[in-house]
Amino acid sequence: DIQMTQSPSSLSASVGDRVTITCRASQTISNYLNWYQQKPGKAPKLLIYAASRLQSGVPSRFSGSGSGTEFTLTISSLQPEDFATYYCQQSYSTLITFGGGTKVEIK
Amino acid sequence: EVQLLESGGGLVQPGGSLRLSCAASGFTISTYAMSWLRQAPGKGLEWVSLISDGGDNTYYPDSVKGRFTISRDNSKNTLYLQMNSLRAEDTALYYCAKHRGGNSRDFDYWGQGTLVTVSS
Numbered sequence: 001d002i003q004m005t006q007s008p009s010s011l012s013a014s015v016g017d018r019v020t021i022t023c024r025a026s027q028t029i030s031n032y033l034n035w036y037q038q039k040p041g042k043a044p045k046l047l048i049y050a051a052s053r054l055q056s057g058v059p060s061r062f063s064g065s066g067s068g069t070e071f072t073l074t075i076s077s078l079q080p081e082d083f084a085t086y087y088c089q090q091s092y093s094t095l096i097t098f099g100g101g102t103k104v105e106i107k
Numbered sequence: 001e002v003q004l005l006e007s008g009g010g011l012v013q014p015g016g017s018l019r020l021s022c023a024a025s026g027f028t029i030s031t032y033a034m035s036w037l038r039q040a041p042g043k044g045l046e047w048v049s050l051i052s053d054g055g056d057n058t059y060y061p062d063s064v065k066g067r068f069t070i071s072r073d074n075s076k077n078t079l080y081l082q083m084n085s086l087r088a089e090d091t092a093l094y095y096c097a098k099h100r101g102g103n104s105r106d107f108d109y110w111g112q113g114t115l116v117t118v119s120s
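Protein chains in written order, with the working numbering: chain L, 1 to 107; chain B, 1 to 120.
FYI, nobody ran anything at the bench for these hints, they're computed from the structure. Incorrect hints may have been included.
Straight line, CA to CA, 20 Å or less: simulated SDA-like cross-link-like pairs of lysine to any residue [said to hold, decoys possible]:
hint	chain 1	residue 1	chain 2	residue 2
1	L	K45	L	V104
2	L	K39	B	D108
3	L	K39	B	K43
4	L	K45	L	Q55
5	L	K103	B	E46
6	L	K107	L	E81
7	B	K65	B	S21
8	B	K43	L	T22
9	B	K65	L	D1
10	L	K103	L	G41
11	B	K43	L	S9
12	L	K39	B	L93
When you get a sec, could you build the whole thing from the sequences and use the hints?
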């Protein structure tokens, strides 16, 4: 199975900050990398697919980059509604796997 | 509007069985791949099964292979997950999710989840 490792596991940031989350795959996955946002008590929401493509309706302050084994999710200016847990997911293999999550908390 | 509504969760003893349902509306499930995923309390996301858009291919991780079976009833536009030989570690909130389309294996719509608790 392809292992996905996210870092950091949590971070504290202020409104307006630029935030970057990293996801690493245990083998190359081309650009088959997706990002989700999950708020407490809610289902995950797709933010980015194919490493860098913004899902419809997602604010442009969210962006994704990377290919191969290293990927990043960037929030250019953190907003109050962005405090949540973020997960990466590889879709290269039919055995789909997720990273462990990054909790973004208010500083 | 796309909606997914899971049901069938509950308390079951170790070794028992449960069947989850996911009623879809706003789209036709036979034209999309669909998956079940789960999230143990306070933990991360785990994918547990996939059925292809054609319905002829299914996939499972080793953690549930041989115990869980994904299926669908196109006439009812409903997805199912039959879970047998349940273990304490299967306790989780179970989500059904629609794949975005084509050959994609990312998920653009999720249900609200149904809770499965395996305990004696």
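Hint by hint, here is what the structure shows:
1. L:K45 <-> L:V104: holds, 15 Å
2. L:K39 <-> B:D108: holds, 16 Å
3. L:K39 <-> B:K43: holds, 13 Å
4. L:K45 <-> L:Q55: Holds, at roughly 10 Å.
5. L:K103 <-> B:E46: holds, 17 Å
6. L:K107 <-> L:E81: At roughly 14 Å apart (the allowed maximum being 20 Å), E81 (chain L) and K107 (chain L) satisfy the hint.
7. B:K65 <-> B:S21: holds, 19 Å
8. B:K43 <-> L:T22: holds, 19 Å
9. B:K65 <-> L:D1: holds, 14 Å
10. L:K103 <-> L:G41: holds, 14 Å
11. B:K43 <-> L:S9: Roughly 12 Å between the alpha carbons, so the hint for K43 (chain B) and S9 (chain L) holds.
12. L:K39 <-> B:L93: Holds: K39 (chain L) and L93 (chain B) sit about 15 Å apart, inside 20 Å.
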